[in-house]
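*Asks:* Use the sequences and the hints to build the structure in full.
Going down the list, the protein sequences come from chains A and B. FYI, in the working numbering the residues of the first sequence are 1 to 474. FYI, in the working numbering the residues of the second sequence are 1 to 417.
Under the rule of at most 20 angstroms between Cα atoms (straight-line distance), these lysine-lysine pairs were calculated in the PhoX-like manner:
id : chain 1 : residue 1 : chain 2 : residue 2
1  : B       : K108      : A       : K381
2  : A       : K474      : B       : K155
3  : A       : K282      : B       : K236
4  : A       : K282      : B       : K235
5  : A       : K323      : A       : K207
6  : A       : K472      : B       : K149
7  : B       : K179      : A       : K474
It should be emphasised that the hints constitute simulated quantities derived from the structure, not laboratory data. Treat the numbers as computed from the prediction; the structure is a model and nothing was measured.
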Amino acid sequence: MYDCIVIGGGVVGGTILRELAKYKLHTIMLEKQSDVCMGQSRANSGIVHAGYDALCGTNKAKFNVAGNKMMKEYCAELGVKYRNNGSLVVAFSDEEKSALKELKSRGEKNGVDGLKVIGIKELKKMEPNISEKAVGALFAPTGGIVCPYELTIAAIGNAMDNGAELLTDFDVVRIEKRGETFDIFSKDGREVKGKMLINCAGLGGGKIAALAGDDSVRVMPRKGEYILLDRESGNFVSHTLFFAPTKLGKGVLVSQTVDNNILVGPTAVECDGTDTTADGLKYIMEKSREMCPNLPLYNTITSFAGVRAFCDRHDFIIEESAKVGNLINCVGIESPGLTSAPAIAKYVAEEIICKRLLPEKNEKFNPVRKPDYFFKNLSAKDKNVLIKRNPSYGKIVCRCEQITEGEIIRAIKENPPARSVDAVKRRTRSGMGRCQGGFCQPQVAEILARELGVLFEDVTKSGIGSELVTEKIK
Amino acid sequence: MRNCDIVIIGGGPAGLAAAIAAYDNGVKNILILEREERTGGILNQCIHNGFGLTRFKESLSGPEYAARFIEEAKKRNIETLVGTTVLSLSKDKTITAINSTDGVFTVKAKAVVLAMGCRERSRGALNIAGTRPAGIYSAGTAQKYVNIKGYLLGKEVVILGSGDIGLIMARRMTLEGAKVHAVCEIMPYSSGLKRNIVQCLDDFGIPLYLNHTITRIDGDNRVSGVEISRVDENKKPIAGTQKYFHCDTVLFSVGLIPENELTKGADIPLSPRTRGAVVYQNRETLIGGIFACGNVLQVHDLVDFVSEEAEIAGRGAADYVLCGSGEKSPIDTTNGRNVSYVLPQKIDKNVAGDVKLFFRVSNTFRNCTVKAVSGEKTLATRKKKIAAPGEMETLTLGSNVVESVSEPITVLLEEEN
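*Replies:* Structure follows, in structure tokens:
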């Protein structure tokens with residue numbers, strides 16, 4: 001019997017799992033997919049929003065500003081890349097420029113520090129590649145960038161290192177509430193029992209709530225497509241550049257990433273799926289060129305799409321279900337959900353779970369998870385110490401991102417373990433460079449087969465059904 | 001830090017031939033750095049034959065062709081470190097590399113030969129719409145899975161791009177029992193060798209769709225199908241021309257990109273046309289003592305040419321070590337009408353000997369003449385029944401011709417009226 005069951009291995013579930021690991025609680029995460037971080041936490045803009053967008057008094061405003069303030073230390077503990085690069089909301093007309101003032105005063109009411117409306121001269125100095133048509137911008141110095149999948153995986157890994165459990169491929173098909181206990185069944189016949197059920201199922205949030213007996217939660221998908229540019233163009237912009245916001249969201253942005261790529265997107269179309277479309281990609285290219293006419297789109301290394309789950313309340317729902325006791329819904333966590341996640345997690349753990357279960361503190365909790373990923377950033381001396389201890393760190397597998405065999409083996413062995421090529425990629429960046437895995441994929445697959453003790457033909461790109469090869473040649 | 005006369009980055013066909021040539025020209029202290037576990041480069045996975053027709057007058061498989069050079073390097077006791085990746089190169093010819101035995105180490109060289117080869121352009125770079133399931137491979141990666149690892153990739157295949165590796169893989173997959181439904185080529189002509197079109201597609205009845213591209217990839221976990229469309233003269237898909245193929249595998253053979261990350265790191269000037277270094281006829285880059293050859297310099301279609309070019313670079317590097325660098329008297333070469341690039345981009349008149357110009361034409365032409373001109377003077381000319389972008393062309397300038405030139409040399413193609 002678990003004290004808490006977290007359904008959904010995204011950034012919200014992950015940060016909650018980690019927060020709960022700070023207490024003497026028996027906790028488990030259930031993830032439908034073959035790996036954690038396969039939904040909206042995998043493919044989004046990776047922005048740490050300052051908090052001027054959200055309407056005053058909303059959950060979005062509250063958790064965004066709080067999360068922004070927590071993010072730096074949070075990432076430092078987990079060894080996750082974060083950079084406080086600052087955001088700019090760029091105006092292209094006097095009308096838009098006056099809207100910036102409104103945005104600024106909203107931000108100030110929300111508690112955002114340092115907001116400043118700047119003129120074209122200062123903007124040009126900050127971003128020399130900005131369009132000539134820009135007239136000014138709102139500068140948010142607290143805006144930042146983070147790697148969303150690194151953050152999610154690290155939070156879950158750290159929680160597991162501190163005792164939390166994880167079940168993947170656990171597709172919930174039935175939930176029974178018997179007295180004070182939830183009994184949760186997976187498609188493949190597994191069963192997990194627990195007292196508190198924390199619904200962080202993202203796009204599946206409505207379904208999970210309904211299975212538990214609360215049919216009031218409606219979650220809808222909104223797809224966003226992105227284009228990613230080579231690191232070679234990584235310094236084309238240094239801040240995160242937004243257009244003035246519209247009803248559909250913050251629109252197409254142009255931003256540096258923590259790995260020094262340039263990311264442009266997303267579109268916002270109310271549909272499900274992670275397929276890209278010719279129209280969507282064309283739209284991103286046009287919009288991003290409005291922001292920066294000389295954007296080197298010829299340096300594209302990949303395009304992809306992600307889904308944001310929003311609900312009809314247009315605010316985060318973070319509360320106990322009115323219909324089902326002990327069911328905590330954390331749904332509709334669209335943007336700025338990534339920024340908000342650490343603050344949401346703290347709130348859920350301290351204000352909801354602790355008040356209900358009154359757990360003791362886990363004195364042994366270790367908040368630090370320092371991976372020796374990013375081997376390439378170590379000094380030659382430190383690299384040699386590592387190679388001496390473990391020669392597999394001397395073998396470069398992914399040449400584009402300079403990822404070693406040692407890092408790949410570690411990703412397979414540590415929490416949460418990587419069991420597919422894409423899982424290795426999200427943890428190590430192997431295959432994320434300019435050749436997109438052309439050289440390293442067969443090698444990564446071989447390392448996976450060896451370390452997991454499975455046949456080469458059973459190694460998958462991303463879970464069962466996505467095997468890389470079909471059969472051995474006779 | 002260790003010292004070497006010549007460090008060769010890459011132990012594929014280019015690196016091996018350069019090392020052998022440098023050795024035979026009097027420099028014995030040579031080090032080859034190879035990232036794979038054995039030398040031979042991409043030839044190791046090219047188990048089809050047709051290699052060496054020009055050089056050895058016989059048809060060898062890739063591994064057989066490589067073996068001849070590996071053997072020669074061995075005879076000369078040329079030191080080779082395998083499993084060794086070069087992390088950086090500096091202008092002063094200091095190389096930082098890494099492997100499991102030596103860790104991170106630096107080598108100071110008197111001369112460096114760049115022979116890193118190229119990588120394949122990936123699906124990601126093309127912004128092709130659709131999903132990203134398993135079953136999508138670049139042709140060279142597919143070749144590695146099939147020929148080196150020994151696994152089948154799928155049964156129903158569509159290939160985008162008619163580069164040579166794509167054509168070779170169309171045949172290879174067919175021989176292993178797969179059905180190749182189509183090879184799509186966005187250009188009005190194939191970028192592959194004519195002989196590969198005949199032997200790999202025509203002989204197996206595989207249709208080649210010119211002026212076509214893949215406009216969408218479907219499939220959840222695994223590819224389930226692709227939509228192809230005809231393109232207009234601006235390479236934009238034409239609405240209403242879609243055709244759908246159910247398939248489980250998509251291969252991309254859409255171009256090779258010289259892997260010049262180290263070159264860029266050392267601030268060596270590159271040509272936007274070849275995406276390789278700008279070089280003199282001895283394959284010396286604009287940084288003295290650093291040479292380049294093979295596919296990292298220009299994408300070749302025949303390994304025989306790679307070997308030839310690498311020998312030039314190897315001799316150049318040996319000369320540099322033994323005699324140093326003299327005063328240069330450079331003449332530029334440029335591509336003129338109907339020619340997409342010329343290499344070398346610079347000719348040093350102070351170096352004696354014939355100069356062979358390598359170039360590619362920009363479209364398919366029949367009954368035409370290729371020419372090298374300088375000012376009013378025609379330096380060399382050759383009539384061609386057919387010229388195509390997929391086949392590298394050459395023109396040789398005699399040493400007396402080179403000596404007489406005072407203006408930039410332009411290579412062009414004239415169509416017959």
